[in-house]
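Listed below are the residues making up each chain.
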Amino acid sequence: MPERLTSSPLRLLWLLVAGLLLLAACGDDDGGAQATVAGDLPGSSAEDAEPADEAPRPTSELAELIQSGGSAATLPEREVGPAPVGLTFEGIGVSLASVVDVGVEPNGDMEIPGASEIGWYRYGPTPGAAGSSVLAAHIAWNGVDGVFRQLGRAEPGQRFTIGYDDGTTADYEVVAVRQYPKDQLPDELWSTTGDPQVVLITCGGSFNRALNSYDDNIVAYAVPV
Amino acid sequence: MRKFVAVLASALLLSLFATPANAQSGATVMLLHGIPGVPVDVYVDGDAVIEGFEPAAMEDLSALAGATLENVVVVPAGGDPETDGVIEVASLDVPDSGNWTVVAHLDGSGTPTLTPFQNDTSEIAAGEGRITVRHTAEAPAVDILVGEDRAITDLSNPNEAVADLPAGPLPASIAAAGGDVLASVADILGAEPSVTAGTNTILYAVGSLEGETFTLYVQAIDGLGAAPAQVPSGNSPVSDAAPWALVAAATMAVGALALGGRQFARTRA
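Chains as they are written, first to last, in this note's numbering: chain A, 1 to 225; chain B, 226 to 494.
Worth flagging that the hints you see were computed from the coordinates, not collected in a lab. Hints should not be assumed to be uniformly reliable.
[Stated by the list, open to error] Only some residues are given here: those of chain A computed to face chain B with a beta carbon under 10 Å:
1. 65
2. 178
3. 193
4. 209
[What the hints assert, rightly or not] A few chain A positions that, by computed beta-carbon distances, are all more than 12 Å from chain B:
5. 42
6. 104
7. 175
8. 218
The C-beta atom is built at its ideal place from N, Cα and C for all residues, glycine as well.
Based on the provided sequences and hints, a complete structural model is requested.
Put into structure tokens, the structure is as follows:
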């Protein structure tokens with residue numbers, strides 16, 4: 001009994017020390033940012049099978065193996081859907097931030113707008129459409145805190161709202177938060193197929209003064225509510 | 226703009242058709258009906274396998290990848306394969322790997338034929354799309370203009386040209402090789418085509434110029450886009466680390482207290 005009781009303060013002390021050590025390891029004087037790894041990544045979705053219904057087909061065995069492949073008569077319909085223009089995520093202190101569409105820089109990096117705006121990767125799906133829609137913003141830019149300054153604090157279960165250029169809005173719920181080295185972002189973040197997900201991306205980890213950049217990216221995965 | 230590269234398609238690609246060992250493979254093979262105005266039936270070894278095959282329609286032959294189809298006969302819809310064949314192929318090897326479109330089309334002199342084209346499904350740089358142009362029409366060689374620029378010259382039946390371009394509108398038109406503009410692609414298709422990021426947009430010139438059935442068909446293969454290299458979303462330190470440290474420390478302290486408290490409670494119970 002007594003040793004059990006004394007173990008509690010010891011454990012507390014150990015946890016605090018461990019916590020401080022962890023802080024010392026993660027945080028640095030340059031103000032790095034860590035994301036809590038939390039939640040489960042959205043499951044990889046099953047292939048969306050194209051049902052091929054057609055006019056009556058011949059009955060030979062060979063014929064049964066042949067499926068309709070669609071029509072080449074016209075330009076394919078690009079159902080981009082409404083573009084995102086605004087985002088509110090109270091949980092990380094973002095209120096009605098404007099969203100602009102962005103592409104890639106000449107060096108192949110994703111374009112990121114200034115400190116106060118969020119970039120939507122226009123070569124991927126719009127939020128809510130099939131695939132992974134990417135919204136990225138700075139944690140800090142040119143000495144100013146960016147709109148995603150607090151993205152690392154996002155937690156599973158929190159919700160945010162996206163406004164679209166057709167006046168509609170849609171809610172999304174964070175299901176997971178991850179931190180990746182900058183050059184190891186999963187390809188799935190850019191998928192154009194599969195169940196709809198929205199990923200919010202900013203920088204995190206240690207700030208490298210020599211490169212003027214952070215070592216990591218913080219990614220919050222969300223799904224439509 | 227990158228240099229357009231014209232590729233001699235038909236003869237070269239036919240020679241690549243190794244006789245496949247079995248029909249289970251990862252190939253994607255589409256059959257495109259590229260002869261405007263004439264619905265057809267397709268027979269293989271006397272059996273109708275596709276009936277009422279409409280111009281511009283595509284049939285997915287992927288399940289037959291690697292198979293050899295004997296005695297392929299294409300007849301006008303309702304025709305008799307014994308007597309009405311417009312295309313007769315003694316043996317057609319369906320490719321067993323890669324992504325292919327086999328096009329039923331008119332050759333340069335107006336005779337129906339089958340030409341297999343291998344589709345370039347290699348990864349496309351982030352922000353770019355691929356344009357493939359295939360001359361499968363009864364028409365002389367053509368130039369393809371993008372804006373005022375003759376981007377593709379002297380493309381003849383049954384050849385193709387392929388290029389990766391920045392995503393965006395594609396103000397393309399078709400001209401006789403070295404000659405006058407025949408039509409804009411937008412006029413033919415009813416809408417301006419675009420270079421779509423991550424997509425190989427394949428334009429087929431089909432029909433007969435003299436017979437006034439000349440038009441364009443379009444096939445799109447998407448999901449080829451590379452991801453951006455990185456997401457550079459911070460170029461300066463955050464204003465101060467204090468909120469972070471405080472939140473983290475508080476979380477740890479609360480966690481520690483909760484753990485300790487729980488253990489205490491259990492011990493007492």
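Hints and how they fare:
1. 65: Hint on residue 65 (chain A): holds, closest Cβ of chain B at ~4 Å, below 10 Å.
2. 178: Because about 13 Å separates residue 178 (chain A) from the closest Cβ in chain B, which is outside the 10 Å limit, the hint is violated.
3. 193: holds (6 Å)
4. 209: With Cβ-Cβ at 8 Å, under 10 Å, it holds.
5. 42: holds (17 Å)
6. 104: Since the minimum Cβ distance to chain B is about 4 Å, residue 104 (chain A) lies within 12 Å and the statement is violated.
7. 175: holds (20 Å)
8. 218: The claim breaks: residue 218 (chain A) does not keep its Cβ more than 12 Å from every Cβ of chain B (closest is about 9 Å).
When the structure is compared with the earlier hints, violations turn up for hints 2, 6 and 8 and for no others.
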